[in-house]
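Protein sequences appear in the order of chains A and B.
The opening position of the first sequence corresponds to residue 1 in this note's numbering, with each subsequent residue numbered one higher.
The opening position of the second sequence corresponds to residue 111 in this note's numbering, with each subsequent residue numbered one higher.
Keep in mind the hints are simulated off the structure, nothing from the lab.
Even glycine gets a Cβ: it sits at the ideal position worked out from N, Cα and C.
Among these hints, one or two may not hold up.
[Stated by the list, open to error] If you anchor each label on the Cβ, the simulated ranges turn out as follows:
| hint | chain 1 | residue 1 | chain 2 | residue 2 | range |
| --- | --- | --- | --- | --- | --- |
| 1 | B | Asn155 | A | Pro8 | 15 to 25 Å |
| 2 | A | Gln41 | B | Asp137 | 17 to 27 Å |
| 3 | A | Gly16 | B | Ile122 | 38 to 48 Å |
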Amino acid sequence: KAGVTQTPRYLIKTRGQQVTLSCSPISGHRSVSWYQQTPGQGLQFLFEYFSETQRNKGNFPGRFSGRQFSNSRSEMNVSTLELGDSALYLCASSFSETQYFGPGTRLLVL
Amino acid sequence: GIQVEQSPPDLILQEGANSTLRCNFSDSVNNLQWFHQNPWGQLINLFYIPSGTKQNGRLSATTVATERYSLLYISSSQTTDSGVYFCAVTRGNTGKLIFGQGTTLQVKP
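Go ahead and model the full structure; you've got the sequences and the hints to work with.
Quick look at the structure:
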């Protein structure tokens with residue numbers, strides 16, 4: 001099976017813009033989770049989707065949102081970008097307990 | 111919330127040496143995974159090990175759930191083992207992984 005894919009892999013935006021990141025899970029996986037990784041805060045949970053419903057949400061402001069489609073693909077959106085949103089954004093999919101991560105999207109906000 | 115602590119934070123080894131990485135967690139968990147983050151940032155699954163012992167080649171892991179810790183053993187280390195090793199746990203019926211701060215391993219030739 002193909003692994004988790006994320007697009008784009010790299011992105012440069014300026015403050016105030018918005019961005020949409022995409023994640024395609026492993027075929028058959030219905031759960032998709034998103035994480036943000038920064039040098040200062042480490043890996044932090046953003047949200048989890050299962051069968052198109054948000055099942056869990058981390059402690060991030062409302063500028064961070066996501067959704068999941070009927071084919072389990074997921075997108076996350078960050079509006080009104082801030083410098084501190086520069087990070088590696090990782091998506092993970094799971095069928096049961098084990099989560100499998102994609103290669104990530106590196107976002108740089110200037 | 112649950113706390114996950116990893117030690118040591120940094121480790122430098124000569125190729126061929128063995129090492130033990132530790133992960134302590136502050137409450138009972140129903141999922142524990144070990145990951146290796148490669149230089150490009152991808153998290154590679156090493157073990158799903160909420161309890162017991164597993165081995166995969168030169169790597170093995172043990173989780174003692176009653177004492178709230180897990181150990182990752184790397185034997186005969188190679189330069190390709192370099193990177194950051196993360197322990198992550200979940201609690202309850204959730205996919206929310208809580209990560210430790212990681213152990214950065216450097217294996218020198």
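Structure-based check of all given hints:
no., hint, verdict
1, B:Asn155 with A:Pro8: 15 to 25 Å, "24 Å, holds"
2, A:Gln41 with B:Asp137: 17 to 27 Å, "21 Å, holds"
3, A:Gly16 with B:Ile122: 38 to 48 Å, "43 Å, holds"
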